[in-house]
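Top to bottom, those sequences are chains A and B. In terms of my numbering, the first sequence opens at residue 301 and continues consecutively. In terms of my numbering, the second sequence opens at residue 7 and continues consecutively.
There could be a bad hint or two in this list.
[As the list claims (entries may be wrong)] Derived DSS-like pairs: lysine-lysine, alpha-carbon spacing no greater than 27 Å straight-line:
1. K606(A) <-> K567(A)
2. K470(A) <-> K495(A)
3. K470(A) <-> K385(A)
4. K420(A) <-> K384(A)
5. K536(A) <-> K101(B)
6. K384(A) <-> K470(A)
7. K516(A) <-> K101(B)
8. K91(B) <-> K623(A)
9. K623(A) <-> K525(A)
10. K391(A) <-> K495(A)
11. K520(A) <-> K13(B)
12. K516(A) <-> K398(A)
13. K361(A) <-> K435(A)
14. K567(A) <-> K376(A)
15. K470(A) <-> K567(A)
16. K101(B) <-> K525(A)
17. K318(A) <-> K101(B)
18. K520(A) <-> K91(B)
19. K435(A) <-> K567(A)
20. K525(A) <-> K13(B)
21. K623(A) <-> K611(A)
22. K559(A) <-> K13(B)
23. K361(A) <-> K384(A)
24. K536(A) <-> K606(A)
25. K77(B) <-> K536(A)
26. K623(A) <-> K606(A)
27. K420(A) <-> K376(A)
[Said to hold, decoys possible] Chain A stretches covered by chain B per the calculated footprint, using a threshold of three residues with CB under 8 Å from any CB of chain B:
28. 535-547
29. 614-628
[Said to hold, decoys possible] Ranges between beta-carbon positions, derived for each pair:
30. D513(A) <-> I29(B): 24 to 30 Å
31. K54(B) <-> E406(A): 23 to 29 Å
32. E320(A) <-> A21(B): 25 to 31 Å
33. N367(A) <-> D87(B): 46 to 52 Å
34. M555(A) <-> S65(B): 26 to 32 Å
Note that these hints are calculated values from the structure, not bench results. Since we're looking at a predicted model, the values are computed, not measured. Glycine included, C-beta positions come from ideal geometry on N, C-alpha and C.
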Amino acid sequence: MKRIMLIIFIILLTGCGKAEYNTQYLDVFDTYTTFQAYCSSQQEFDEISQGLHSEMTRLNKLFDIYNDYEGISNLKAINDNAGKKPVSVDKDLYELIKAGVNAYDETDGYINIAMGSVLKVWHNYREEALASPEKAAVPSYDELSEAARHTDIGSIILDDDTMSVYISDKYTSIDPGAIAKGYAADRAREYLENKGVTAALLNLGGNVICLNDDSKPLWKIGVQKPEEGSSEYVYKLDLNNKSAVSSGNYQRYYMYNGKVYHHIIDKNTLMPADNNKSVTIVSNSSLEGDIYSTYLFILPYSEGSKIAEEKGFEAVWVDNEDKVTANVAQGK
Amino acid sequence: MNNSFFKVRDIIIIAAILAAAFILYIGIEYTSRQGYTAEILLNNEVIKTLDLREDTLYSPEELPHVVFEVKEGSVRFMESDCPDKICVNTGYINKRGQTAVCLPNRLVLRIRGNDVDTVL
Chain A
301 MKRIMLIIFI
311 ILLTGCGKAE
321 YNTQYLDVFD
331 TYTTFQAYCS
341 SQQEFDEISQ
351 GLHSEMTRLN
361 KLFDIYNDYE
371 GISNLKAIND
381 NAGKKPVSVD
391 KDLYELIKAG
401 VNAYDETDGY
411 INIAMGSVLK
421 VWHNYREEAL
431 ASPEKAAVPS
441 YDELSEAARH
451 TDIGSIILDD
461 DTMSVYISDK
471 YTSIDPGAIA
481 KGYAADRARE
491 YLENKGVTAA
501 LLNLGGNVIC
511 LNDDSKPLWK
521 IGVQKPEEGS
531 SEYVYKLDLN
541 NKSAVSSGNY
551 QRYYMYNGKV
561 YHHIIDKNTL
571 MPADNNKSVT
581 IVSNSSLEGD
591 IYSTYLFILP
601 YSEGSKIAEE
611 KGFEAVWVDN
621 EDKVTANVAQ
631 GK
Chain B
7 MNNSFFKVRD
17 IIIIAAILAA
27 AFILYIGIEY
37 TSRQGYTAEI
47 LLNNEVIKTL
57 DLREDTLYSP
67 EELPHVVFEV
77 KEGSVRFMES
87 DCPDKICVNT
97 GYINKRGQTA
107 VCLPNRLVLR
117 IRGNDVDTVL
């Protein structure tokens, strides 16, 4: 009998390794989030998933520019106090804004978190058009250029000692849209690593981070066909302990006179950038991927491809004719 | 047999465990191979995708005499006006990569395999 017990024990041991579990969140970062991980039990997965969800919810509240939350000094509070006073904030929000200011220099001003006033104009037109499509319209150049007078990145004044942020122009506001999910995805990776998770995949509505171990050496990622809600993909990436981020014209948009008006605005024209349908960046840091996917989405392929090469990013472009171009730069 | 390393009872138990594991393995393999989306192609162009989780009937506008049926995760050519009825006779399909074809009507019904972990 002892022998049988031993055999059963061995079978149990080898047969009950880790299995893949998955879940989704519908209430963080205004997007559809999916989470997959290899765990030894549903219970273990649920604990990790719940912890991850609270962490994402916490960051979502900090980075929110539309809502107040009791007891939280968030980005809306910084914007509300523009021209009035500095606001002391949580480390994560401070780091996010600092990263945003750095991104401005790195991207020749194309990624400008101080462009809140212009993005707000587009946001309002989009909300209006989505609520009642017959009222769809495009903001006038006057309205946009008036807003663009208040987009100086220098108006954001940071104080490392007190971890406070002050916007010196009362008409300027911060919109972290191009970096918030990337920052959050990097924190998610840290969270999972700290919990000892070694194989996991988080897709934060276009921002993917993954962890791999020997049992799951690769995650297969599809670059979405550039249509809203499509589960079809046009290119396949194999990721190992990396991030992948897509910026596309199908993510947040409205239609006017048969034309797509999406959410990624070119600082030069103040209009939605129209060089590509989507750009996907594979990088180590999801924050960096977020910044560069937006930056390269705005630029024409001829310029963007050079930058991708310099940075050593693997990148995938889907152009306006649905043609897919991928560079397979390695390293970094 | 009595004096050997394994007793008869041991072997029966081991065999039972292995059989159970095998059945479980086949079950998991079978369910994971089931697809969720079928595509209908006319002249090599996708004219319709069907969600196999929702029972439904569908006829292409161009070919009103052809009827597709989605039922309990499977899909088939239910009716067709073609002479040979090969498509109808294929019956239900439900696994990734499976196809049913109606050459006279230039129609292909196939289950799409989502062979990636996520799409972004």
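Do the hints match the structure? See the list:
1. Between the alpha carbons of K606(A) and K567(A) the distance comes to roughly 20 Å, so the proposed pair stays at or under 27 Å and holds.
2. The suggested pairing of K470(A) with K495(A) is violated, with an alpha-carbon distance near 42 Å, which exceeds 27 Å.
3. The hinted pair formed by K470(A) and K385(A) meets the criterion: a straight-line CA distance of about 10 Å does not exceed 27 Å.
4. Of the supplied pair hints, the one linking K420(A) and K384(A) holds, its CA atoms being roughly 20 Å apart against a limit of 27 Å.
5. The hinted pair formed by K536(A) and K101(B) meets the criterion: a straight-line CA distance of about 21 Å does not exceed 27 Å.
6. For the given pair, K384(A) sits about 7 Å from K470(A) by alpha-carbon distance, which is consistent with the 27 Å threshold.
7. The hinted pair formed by K516(A) and K101(B) meets the criterion: a straight-line CA distance of about 24 Å does not exceed 27 Å.
8. With a C-alpha separation of about 38 Å, the suggested pair K91(B) and K623(A) falls outside the 27 Å cut-off, and the hint is violated.
9. About 11 Å separates the Cα atoms of K623(A) and K525(A), which keeps this hinted pair within 27 Å; it holds.
10. Between K391(A) and K495(A) the CA atoms are separated by roughly 21 Å; this keeps the pair inside 27 Å, and the hint holds.
11. Simply put, K520(A) and K13(B) have alpha-carbon atoms about 47 Å apart, too far for the 27 Å limit, and the pair is violated.
12. Using a Cα cut-off of 27 Å, the hinted pair K516(A) and K398(A) is violated, with the two alpha carbons roughly 35 Å apart.
13. Proximity of K361(A) to K435(A) is assessed by CA-CA distance (about 31 Å); at most 27 Å being required, the pair is judged violated.
14. The suggested pairing of K567(A) with K376(A) holds, with an alpha-carbon distance near 23 Å, which does not exceed 27 Å.
15. At most 27 Å may separate the alpha-carbon atoms for a hinted pair to count; K470(A) and K567(A) meet this at roughly 20 Å.
16. For the given pair, K101(B) sits about 23 Å from K525(A) by alpha-carbon distance, which is consistent with the 27 Å threshold.
17. Proximity of K318(A) to K101(B) is assessed by CA-CA distance (about 25 Å); at most 27 Å being required, the pair is judged to hold.
18. Between K520(A) and K91(B) the alpha-carbon distance is near 39 Å, which puts this suggested pair outside the 27 Å criterion.
19. Among the hinted pairs, K435(A) with K567(A) is consistent with the structure: their alpha-carbon atoms are about 26 Å apart, no more than 27 Å.
20. Simply put, K525(A) and K13(B) have alpha-carbon atoms about 60 Å apart, too far for the 27 Å limit, and the pair is violated.
21. The straight-line distance between the Cα atoms of K623(A) and K611(A) is roughly 23 Å, inside the 27 Å bound, and the hint therefore holds.
22. Between K559(A) and K13(B), the direct Cα distance comes to roughly 77 Å. Violation of the 27 Å bound is thereby established for this hinted pair.
23. In summary, the hint linking K361(A) to K384(A) is supported, as the alpha carbons are separated by about 22 Å, within the 27 Å threshold.
24. Simply put, K536(A) and K606(A) have alpha-carbon atoms about 22 Å apart, close enough for the 27 Å limit, and the pair holds.
25. Taking the CA atoms of K77(B) and K536(A), the gap is near 31 Å; set against the 27 Å cutoff, the hint is violated.
26. With a C-alpha separation of about 18 Å, the suggested pair K623(A) and K606(A) falls inside the 27 Å cut-off, and the hint holds.
27. Straight-line distance between C-alpha atoms of K420(A) and K376(A) comes to about 13 Å, which keeps the hinted pair within the 27 Å bound.
28. Residues of the region 535-547 of chain A lying with their CB closer than 8 Å to a CB of chain B number 4, which satisfies the three-residue condition for coverage.
29. Using a Cβ-Cβ cut-off of 8 Å, 0 residues of the region 614-628 of chain A lie near chain B, which falls short of the minimum of three, so the contact claim is violated.
30. Between D513(A) and I29(B) the beta carbons are some 29 Å apart, a value that agrees with the proposed interval 24 to 30 Å.
31. For the pair K54(B) and E406(A), the beta carbons lie near 46 Å from each other, so the given range of 23 to 29 Å is not met.
32. The hinted range of 25 to 31 Å is satisfied by E320(A) and A21(B), whose Cβ atoms lie roughly 29 Å apart.
33. For N367(A) and D87(B), the hinted distance range of 46 to 52 Å is not satisfied, since their beta carbons lie about 58 Å from each other.
34. About 29 Å separates the C-beta atoms of M555(A) and S65(B), a value consistent with the hinted range of 26 to 32 Å.
In the structure shown, a violation is registered for the earlier hints numbered 2, 8, 11, 12, 13, 18, 20, 22, 25, 29, 31 and 33, in ascending order.
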